[in-house]
Structure formats: C-alpha cells, structure tokens
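K.L.:
Listed below, chain by chain, are the residues.
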Amino acid sequence: MTTLAAFQDAFAGALLGGVPRDAAVARLAAQPGFAVYRNTVLKGGIDALQANFPSVARLVGGEWFRAAAAVFVRSELPAHPTLLDYGAGFPAFLRDFAPAAGLPYLADVARLDRMWNEAHVAADAKPLEPGRLAALDPQRMARTRLRPHPATRWRWFEAVPAYTLWSRSRAGEGEVGEVEWQGEGALLTRPFGEVRHATLDRVGVTFLDACARGAGVEEAAVAALAAGAPADLSALVRRLLEAGAFAALESIDDPEGSR
Amino acid sequence: MPANGASPTPPSPPSHARLPARVARAARERTGRQGAMSASLSAGLGLKPAHFDAALGCRTSGLWFEVHPENYMVDGGPRLAWLEAIRAVHPLSLHGVALSLAAATDPDARHLDRLATLVDRFEPALVSEHLAWSAWRGAYRPDLLPVPRTVEARDRIVANIGRTQDRLRRRIAVENPSHYLRFDEHEFDEVEFLVDIARRSGCALLLDVNNVFVSASNLGSDAGQYVDAVPADLVAEIHLAGHSPDPQFGAALLIDSHDAPVAPAVWALYERLLGRIGPRPTLIERDENLPAFAELLAERALAHERLSAACLPEAA
Numbered sequence: 001m002t003t004l005a006a007f008q009d010a011f012a013g014a015l016l017g018g019v020p021r022d023a024a025v026a027r028l029a030a031q032p033g034f035a036v037y038r039n040t041v042l043k044g045g046i047d048a049l050q051a052n053f054p055s056v057a058r059l060v061g062g063e064w065f066r067a068a069a070a071v072f073v074r075s076e077l078p079a080h081p082t083l084l085d086y087g088a089g090f091p092a093f094l095r096d097f098a099p100a101a102g103l104p105y106l107a108d109v110a111r112l113d114r115m116w117n118e119a120h121v122a123a124d125a126k127p128l129e130p131g132r133l134a135a136l137d138p139q140r141m142a143r144t145r146l147r148p149h150p151a152t153r154w155r156w157f158e159a160v161p162a163y164t165l166w167s168r169s170r171a172g173e174g175e176v177g178e179v180e181w182q183g184e185g186a187l188l189t190r191p192f193g194e195v196r197h198a199t200l201d202r203v204g205v206t207f208l209d210a211c212a213r214g215a216g217v218e219e220a221a222v223a224a225l226a227a228g229a230p231a232d233l234s235a236l237v238r239r240l241l242e243a244g245a246f247a248a249l250e251s252i253d254d255p256e257g258s259r
Numbered sequence: 001m002p003a004n005g006a007s008p009t010p011p012s013p014p015s016h017a018r019l020p021a022r023v024a025r026a027a028r029e030r031t032g033r034q035g036a037m038s039a040s041l042s043a044g045l046g047l048k049p050a051h052f053d054a055a056l057g058c059r060t061s062g063l064w065f066e067v068h069p070e071n072y073m074v075d076g077g078p079r080l081a082w083l084e085a086i087r088a089v090h091p092l093s094l095h096g097v098a099l100s101l102a103a104a105t106d107p108d109a110r111h112l113d114r115l116a117t118l119v120d121r122f123e124p125a126l127v128s129e130h131l132a133w134s135a136w137r138g139a140y141r142p143d144l145l146p147v148p149r150t151v152e153a154r155d156r157i158v159a160n161i162g163r164t165q166d167r168l169r170r171r172i173a174v175e176n177p178s179h180y181l182r183f184d185e186h187e188f189d190e191v192e193f194l195v196d197i198a199r200r201s202g203c204a205l206l207l208d209v210n211n212v213f214v215s216a217s218n219l220g221s222d223a224g225q226y227v228d229a230v231p232a233d234l235v236a237e238i239h240l241a242g243h244s245p246d247p248q249f250g251a252a253l254l255i256d257s258h259d260a261p262v263a264p265a266v267w268a269l270y271e272r273l274l275g276r277i278g279p280r281p282t283l284i285e286r287d288e289n290l291p292a293f294a295e296l297l298a299e300r301a302l303a304h305e306r307l308s309a310a311c312l313p314e315a316a
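Just so you know, the sequences run in chain order A and Z. With this note's numbering applied, the first sequence closes on residue 259, and no number is skipped along the way. With this note's numbering applied, the second sequence closes on residue 316, and no number is skipped along the way.
Chain Z extracted, bound-state conformation (with noise of 0.2 Å):
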C-alpha cells in the first residue's frame, strides 16, 4: 500500500493509490489549515510512555499517534520534551477524556486553556472529546459519566463544544460513548442525538466502533442499524479497541476495558462502515495488558489494510 501522502492530489493515481488523495481531501475538508500534514493519516495507535522510543523511531507511512492531552498540561520537564520530538516526526491527535462536555455547567476556562495551549504548540491533525461528563462541582471523577439524552442536555452539550471550538479557533470531533446503564429518560435515539448536536454546533463525529458493539450488546440494539445510520459527511476519525466480559456477569455486561485486541466481530463492524463511509484516520486504542509496540504495530497493519480496501470508486 503506498501511503505516501505527502502530495495531497497525485495526478491520475492508480487506483490502489487512491487511499491517500482521498484521506488528504477528507482531511482537508475537515481541518481547513492542516490539508498538506494530515494527507497521510491513515492507522494511528494510542501513545504510552513505554513506547515512546519505538515509536519514535518507527517510519511505518500513515502511522499516527494520539495522546490524551490531560497527561501534557505541565509547565515543562520531559514530557513535553518527549511529544515534541514524537511531533517532530509522526502526526499527532489528541483525545481529551475531562473537558466534560455534557456536564450542566460551562468547560473548565484554565482546562480549556491548558487544551488551547497545547493545541498551538503542537498543531495535531485531529481534536477530539468525549460525549459525557466528569468534571462537576470541584472534582474530577476519571471516567467518563453517561447522561440522559435530552433537549436540555443537547442544548448544553452545543453551547459547551460552541465554546471549546471557538477557544481552540477549530472544529472538534465528538465520540459516541460505551454504554452501561439503560435509560428511560432518554428523549432522542443516540445517533439522533449525535447527529443534531454535530448539526447544531459545527462538530465532526468521532465514530467508536467498539463503544457502538459494546453498547448494543449491553442494551440488547442492532450495532449495524447504528454504524449505517450515521451520515459520513459527520465521521473525522474512527476508533476501535478490545472489550472484555466484565468478571460477575460475564458476556451480559461488555466493559470497553481496551485490554485486549480488536475482537473479530468489532473488525466486521468497522468493514461494514468502511464500505460506506469509505477511508477515515482511524485509531487502535489499547490501555492495559500492553503488548509489545511490535504486536500493536500489526494489528494497525490490519486496520490500514482495509483502509486500502475501502477506497470507493469516486462515482460511489
């Protein structure tokens, strides 16, 4: 697969050569000023400390890597030290989970800043947040907390991106949660939801395939009727990630645990969107039970194989 991107429109490319062009164009729809670095965003994986030299050093074309901004709001010391030379070499995005969003109150203004901050410096391809909330009346609680899918929660939720968008002077993309609990609150179905939030505010979608399998699992709904329902104008960015059953109750209840590699029917899903959707920048999560960079550097090969695959004719 030649991933080299660094010429956004190659002329008449072959068609195995597509994927790139149509990348770099998708991204520059998105992000206006970043067109010429994002063309070769293709299969990206989280960043870990443990990696950092691996990754470093790896030259893998298309590769990307996304960092939670929450670990670099320091003033300095070797952190920062650590992105930047990773910056100075691969794509970055990074993927808030504590701006809380859905949260009935304004962003944080010194996480917004600290945020703003790292986003002039490190210029990342992608920005993305969670659709949920954490931060709530002085204390931070590390998850990400569901709430109820209403008009005032939407309404919220739109001012809150409004205001982050406008202090980053960029667009966002909002991922879709994994869900545990069932509502009887809930006034709009969840793509519904998204899609007028995304609609309303200006934002891109980050669409979690494995977040939509574990959901539908968990609430007993069809995962497929979700992931073709969502409009693929809105789709910036595309993780997937491994579940597990959780230890009581086993496969009735899937934890988006991102302990274990993507799971087959998870991959399905993702093919299933990418025959749609066709190509986004997507990411391999993985949190616990870190394999050697080597054996996360070939399940990304997987995702970037049908990213290949997934290049539409331009007519479709």
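With the rest of the complex left out, here is chain A (with noise of 0.2 Å):
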C-alpha cells in the first residue's frame, strides 16, 4: 500500500481524467462507481458556475453554459470550498473560448455577474449619510475624501453595451432586444441588504477610480472632468451617495480617517 498522499494524488489525477499509474487507484478507476465521483466534481463546479453566472447562462442557454462551464472546471478546479467565489477566471476563459467568438460581449457580461457576487458578500458596513459630505464647510471639502462601501463595485465597458445586457438578462428578460452598441459602464452598491445596480457614465468611473485608490474630493472632481465631457460633478456626487456606494468621509490629513 502505498501513502494516503500518493493515494489522493493518484485519484485526484484519475478524477480529471488521468490515467492513473498507482495500481490500487486503476483498480478503482476500472470501477463502475468510479463515474460517480467524476460527475460529481464535475457536476458541483458547474452547477456552482451556473449559480455564479446566471446572466451568462440566460443570454447563451444552459446546455451552452454547461458545455463550456465543463471545459472551465477541467481546466481550472474551485481552489478553496467557497463556491460563491469560484469562477475568478471564467470572464477570461470566455473572452478565448473559441465557441464565443460570436458573442464579445459574453465576457463583460460575466464580469458583471463576478460583481455582482462580489458585492453580494461584501463586508457590512452603514452607508455615508448624503447629507454628510454637504454639511461641510468648502475649505474641509477640499481637505476630504470618500471611502467607498465595500460592496460597492464599478466599471466602465469600452465599445460593449454591457450594463444593459447584463441587467435585461438578469431581470429575466429572454429577448435582449433593441440595444445602442456603445460603451457604458455601471455601479452596483448594496446599501441596505440586496444589491442595487445603475448605469454609470465614464465620469463617474473615473471619480470612484479616483476615490478608491485614496484621492480626496477635489482631486477625484479633476480626474473625473478630464475623463469625459462636461458633467454636473454635484448631481454626480449626490446621486453616487443616494446610492449608497460610499461608507465613510476620511480627512487626508488623519490617516485613519474621521467617521
């Protein structure tokens, strides 16, 4: 007999597929009920993709989706039990699978549902008051910058409508319909309990951009008027916290923020 480590190396091999060199693992393998824990494996990584991407699975039908979500999981096994994680990959993969090559918005749209999960999950944390950042005086404003919540996801689309197909799939709509083909981008936030999600301009990109990697408020306004065309930079502000997407005001000159 050999160890229990050369055992599961052999089998975890022989589950993929592998043709096993241990002997006592062919003997298995050889074995009727060998199958059941290869459709196993397989069958939980799919159904845990199908779960993840479901805006994906309803633009490309399910027999689509398993097909393609089978090559995924040989390709790439879950890495850790938390399947509501697995599938970091799966935008990637299906930007170079081959049978998509038809469909170049296949790849964003799963990129949403990632961020959509990801928010799903996030830490909680109690919204920033609207009213907060209004509160302040200009000369502290200058001197500010926004945390975003940790649910809150963005993203801009280059020349791939999507938001917009992402969320008629996601709503359950079979025909996608009549779509403007351009670049959008889009928020998701979770302020109270579910997810909540909306069209965002490239504006409005670029200010969280900015806001995430530690820009204060006018810093952020720069960045995001230089992004795109004139914008109403209050209305922008006002509606991203009316959504939710930020959890705290941080003075730049306090490192550890002010809450």
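Read the hints as simulated data drawn from the structure, not as lab findings. Take the hints with a grain of salt, since some may be wrong.
Computed, partial: chain Z to chain A, Cβ under 8 Å [said to hold, decoys possible]:
id: 1; residue: 136
id: 2; residue: 143
id: 3; residue: 181
id: 4; residue: 182
id: 5; residue: 186
Now the stretches of chain Z that chain A is said to cover, found in silico as 3 or more residues with beta-carbon under 8 Å [stated by the list, open to error]:
id: 6; region: 61-73
id: 7; region: 147-159
These numbers were taken from a predicted model, which means no experiment stands behind them. All residues carry an ideal CB built from backbone N, CA and C; glycine is no exception.
Combine the two chains into a complex, taking the hints into account.
P.N.:
This is how it looks when you write it as structure tokens:
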C-alpha cells in the first residue's frame, strides 16, 4: 500500500481523466462506481458556475453554458470550498473560448455577474449619509476623501453595452431586444441588504476610481472632469451618495480617517 | 406529541412526553453548554434558500435546520442576515462538507478560522463533518472522496479531528460515507474504523442511515448488521435522505442523490436503529428535485413520529 498522500495524488488525477499509475487507484478507476465521483466533481463545479453567472447562462442557454462550464472546470478546479467565489477566471476564459467568438460581449456580462456576487457577499457597513458631505464647509471639503462602501463595485465597458445586456438578462428578459451598441459603465451598491445596480458614465467611473485610490474629493473631481464631457459633478456625487456608494468621510490629514 | 422541551427535566413526565427529556439529556451530554437549547431537537430539515421564508415562519415544535457552513463563509451581506433570522427562531446545525478531514494534510487554517467564526456567531446545537477528503494540493473537488481504511489514514483523521475540535472548542460529529468503490486496501471494517476514530479523537458519530443502505447495496454487505454494530453512546445525530439508481447501471449502483423521499427500506433501518439506541436528532436531507416546504415538513413529521415512538423505558 502506498502512502495516503500518494493515493490522493493518483485519485485526484484520475478524477480529471488521467491514467492512474498507482495500481490501487487504477483498480478503483476501472470500477463503474468511479464515474460517480468524476460526475459529482464535474457537476458540482458546473452548478456553482451556473449559480455564479446566471446572466451569462440565460443569454447563451443552459445547454451551451454547461458545456462551456465543463471545459472551464476541467482546466481550473475551485481553489477553495467557498464556491460563491468560484470562477474568478471565468470571464477571461469566455473571452478566449473559441465557440464564444461570435459573442464578444459575453466576457463583460460575466464580469458583471462576478461584480454582483462580490457586492452580495462583501462586508457590512453603514452607507455614508448624503447630508454628511454637504454639511462640510468648502475648505474642509477640499481636505476630505470619500471611502467607497465595501460592497460598491463599478467598471467602464469600452465599446460594449455590457450593463444593458447584463441587466436585461438578469431581469429575466428572454429577448435582449434593441440595444444601442456603445460603451457604458455600471455601478453596483448594497446600501441595505440587497444589491442594486444602475448605469454609470465615464465621469462617474473615473471619480470612483480616484476615490478608491485615496484621492481627495477635489482631486477626484479634477480627474473625473478630465475623463469626459462637461458634467454636473455635484449631481454625480449626490447620486453616488444616494446609491450608498460610500461608507465614510475621511480627512486627508488624518490617515485613520474620521467618521 | 408534546415536543416542548423548554424544561429539560420535566417532573414525572408521562411516558408519551419522555422524548424531549431524553433528547435533552443526550444533547446535554453531547454538547454541555448548549443543553437548554438542544432540549427541543427532534427531527430537522436541510435549509434551502428557496424555503427561507417558509422556514422562518414555521413554528413546528422540535424542528431545527441544518446548513452547510461553506455557503455562509462570507464577509457580510444578506446571507448571514438570513441565517441570523432563522437562528433567532430555530436551533441550527452546521454540517460541513469541505474540511477534508481524510486528506493527508492539516485542515486548511483559513477554512477552520471561518468555521470557528460561524460557530461563535451562530452557536449551533450540532456541528458535523464527513469522513472524506476534497481539498488537496490547493484545489477543492466538490465531492466527498473516499480513502482506504488504513492505520495511516486513521491516525491522520484522528489528528485532523483533534485540530478541528481544539479550534472550535467543542466536539464534532463525523459522518459515515456512501460507497461506490470496492477497495482491496481496507485494513478495518468501517464501523470498527469509525469507532476507533471516535474513541481516539473524542468525536461523536453522525450516522447517515441512507449512506449505510446505499453502501451496503453497492458493496453487497449487510446494512442491518452495520446499523446494529454502532455503539449507542457515540451517535449524536442521524441523517436520512433519498437515493436513486444510476442511470446506466440501475439498482446495481445506487447513488446517494438526495433527490427523492426517504426510501421504505431506509425508514425500516432507521426504526431498527432507534429501537436499539433511542431517539437522536434526525435530519432529512433533500438537495435536488426540491419539493414545496410543506411536503418536506410532512416527511419530517414521519421522522418525528418515529422519534416519539422510540422512547425506551428508562431501564432499557
């Protein structure tokens, strides 16, 4: 009898279709019951991907999705047992997956499914009350930064109406219908309990990017205005605050922040 | 059936009211600090998100719910809030599927930490895991994989259960697996192996009667003999579930599929077990072909009735 570790190496290899060199595992893999383990591992991975990427699955149909997911599972098993987190590499896999070449938006829709999951399980925090920022005098505001809420996710999709396709699929609309083919951004927040989402223009995406890397409100506003057409920045900030995109106000002078 | 177990030792209970007291006593002996809460554990159900609202509103006495902790190992958000709401009205059991106790390595420290966080937060009445492996060399296989029952495996499993119990600061129950493969390398009979592990590690056993039936059917062994051999003092929980024949090999290969009601032969084994050891918290597992909550509750009532009937005279 080989060691337990050698047995597990050989068994794990045989699960994914490898030919076992270990004689004991070869005898096991030759039995009809071995397929039960092979099928369960594969099904478990595919089920998790289907649960984590529902908008992709709805757009391409269950059969196509499960066939594609099976290829992914064989190439990349979950790294750990929290299957909610499985599929970090799935959007990139779809981007390079030859049968999906005619569906150039699929990877971005998958990214949005992933962002939704991240927002869903992120740490709890009380969203910043919209009035807190307005109450600051202009001098103080210039020395303030906005810390995004742990559940807030945002992204700009270049040349693909990914948010529209994703949100329509998510809402269960079988036919995506007419879509204006242009880039768009998305904002996901979870102010109280459930994840909410909306479109976000390039100015808003740039503003949040700047906030996330620690820029003050003023610096973030300058960056945002440089990113696109003239915009009503105070309306943007109000909208972000009302969506619950931020968790706290911090003073730039105080690294610990002030709540 | 008066399953109100709020008072763990009611004075001179009539015979039909003994179940709560006996279950309470067993629960106290098992878990120590959760005695009062475990007092009402009778038959429970696996909790599915689709049944969350129904489960939350249900006030059936003695009912409890079991979840896989892996589905709640998150930083925050509505999942934990749901579980918190359920826990406020029902006892909870955390039934792990991924600690990989039978892998030839220590349990993943991060996984164990997250499990400990859940145990501290939700104070479950029961905590259990499987005699299986799944995480190995940086990858997780969503299944319960088998091991040869050798001295090396036994010592490794005992050590891993010890680490787990030390980290959680409580006893866990370990579940017997379903078998689909014939191993030439086994050095122990399964009951002998489980009992040896339990005695050495101090863990309890979760006896899955459906797994016993499926394994005996697949390997041609005697399920009744298996159930008769498990020492009563080690059994902390019982699982019941449905199984189905393999689409290709039929009844020659039964699958522990959790996609159907509990089979009559499994109910019979369950009665045989209860007749010998008395009542234990019993869970009905259903993961596929999920029926309405009311239907699961009706099946759960069948287990509850058998638990009530299994009250043995004190002298037995």
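K.L.:
Decide, hint by hint, whether the structure agrees.
P.N.:
Verification of the supplied hints:
1. 136: holds, 5 Å
2. 143: holds, 4 Å
3. 181: holds, 5 Å
4. 182: Hint holds; residue 182(Z) Cβ to chain A Cβ min 6 Å, cut 8 Å.
5. 186: violated, 10 Å
6. 61-73: holds (count 3)
7. 147-159: The restraint on the region 147-159 of chain Z holds, since 6 of its residues have a Cβ under 8 Å from chain A and three suffice.
The structure shown violates just one earlier hint, number 5.
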